[in-house]
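A.B. asks: One line per chain: the protein sequences are H and F, in this order.
Counting in the numbering used here, the first sequence runs from 1 upward without gaps.
Counting in the numbering used here, the second sequence runs from 1001 upward without gaps.
To be clear, the hints were calculated from the coordinates, so they are not data collected in a lab.
Beta carbons: idealized from backbone N, C-alpha and C, even for Gly.
There may be inaccurate statements among the hints.
What the hints assert, rightly or not - Lysine to aspartate or glutamate pairs mimicking DMTMM-like chemistry, simulated, CA-CA at most 25 Å apart:
#1 F:K1148 with H:D144
#2 F:K1148 with H:D206
#3 F:K1148 with H:D100
#4 F:K1148 with F:D1124
#5 F:K1148 with H:E242
#6 F:K1148 with F:D1172
Claimed, not checked - Which bits of chain H does chain F cover? Going by a derived footprint, with three or more residues having C-beta under 8 Å, they are:
#7 50 to 60
#8 71 to 80
#9 94 to 103
#10 121 to 128
#11 142 to 148
#12 189 to 202
#13 216 to 228
Stated by the list, open to error - To be clear about the criterion: a stretch of chain F counts as covered by chain H if any three or more of its residues have a C-beta under 8 Å from a C-beta of chain H, and this derived list gives those stretches:
#14 1059 to 1067
#15 1163 to 1175
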Amino acid sequence: MVQPAPGIIRSQVNLRRVGAYVLLALTALAFGFLLATQLRTQLLVPGNRVARTEALVRTVQDLESTNSAYRAQIASLRGQIDGLEAQAAQRSEATQRLRDDVATLRAHAGLTPMRGPGVTVDLGNGRPGAGATDYLVNFQDIQDVVNLLFAGGAEGVAVNGRRISPMSSFSGPAGTVVIDQGNPLYAPFQVVAVGNRSQMEQLLGDAASLGGLRNRQRAFGLALSFQGSPDLSLPAYDSTLESSFAQPS
Amino acid sequence: MRSRPSLNALVVGILTGLLAFVAVVQVRSQAEVERSLGGVDSTTLAFLIDDLHRANDALGADAATLSMRRDALRGGGNQVVDAQLNAEASQLRVAEGLVPVHGPGVVVTVDAPLTPLDLQDAVDNLRVAGAEALALNDRRLVTSSVIKASGDAIDVDGAQVHGPWTLSAIGDPTRLAGAADQMTRALRDDPRVRRAAYRSESDLVIRSTVVQRPFVYGSS
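Generate the whole structure from the sequences, applying the supplied hints.
C.D. replies: Here you go:
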């Protein structure tokens, strides 16, 4: 038997070891590529999501400026119409009587500014805690405060400068309040009511009122306070009151 | 054996490079997400966009109507003014619940011991879905209507009402039916509810009216 030279054995071992390292390196590379591909698909989604969300935010902002412009236009047109009606009323008593009737109806619909004694209720978000969105002021909270104020003898109510009408509705995702056709409103909220000040103050001060809000005030530090005032002002309603389906019988 | 450290270095190098790459990409995308979202997710934004489109359409139509009214007033005499004032008075009496009304809508019936808050939420749901006139057990409702507890019964603007509850709403029939369907499904999951159903009507009549109270405190 011819024994292989010790040097040949060593070089074969070395070759095998080098091969193992190359294999390891190739495996690591392949793994790296696979990982990178996987990450690319996963991380590009958030990347696209960011771009999509930014596009959505821009769309919301554009729609909000259109919304404000329309409401300003509606307020201005109502003012111009009122001026032209006043001129016509000077020429005819019948027109004047009609105009007085409509003025009362407009006032009760919130279509004219109002001032008088009342209360201001301030609401603000609390600190995030156990309940997912319980620390945020939601549309139901605003709805509850508005209902309480009407129960206390409010004759007119406005939320963050948006007057409540006889057909007003409240909606919106958590932390957002949408009233009628207006822009979404966010905390802090200020609900102003003109009417029976002492009765409204009494109801707001009653621990049995606004139970849900008071519980969340304790649990999440939600802000809830009110203040009476001898003279408050409410703006006119600046959205639509058209009835397209309900007709007088 | 000299080749061993360099191969190890290569493997370590590749892995380190990969780690750095992953870390950078991850941190970057996280920062972008936090900077641009501002706490509002895209589903919420999509809902807001939908609402704003519908709101802006309604406001645009209203602005166009008011614009035509103004132009007619500019060119017309007192007859035009009187006609417009009469039309507006009629419209406002409907909005303020002062006259009986009819039109397409839904009737939701619920047999359950509902609370004033449940009823207020149900009424608001229908308003959000475009209800133009509403009545609860034949009591006409506007935003200022007061629904509160009164012993075992519920007091609606000073009148006691008892369940089972009937909510009548006149407005866009498609949207109202959608809201009524969703609402009755949710109510049926409520253990207190014995029965919750709705029906659509092509010409629903709401006869009850609200009495207008003169202002005591507010002035213009």
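A.B. asks: When the structure is checked against the list of hints, which entries are broken? Sort them ascending.
C.D. replies: 3, 5, 6, 10 and 13
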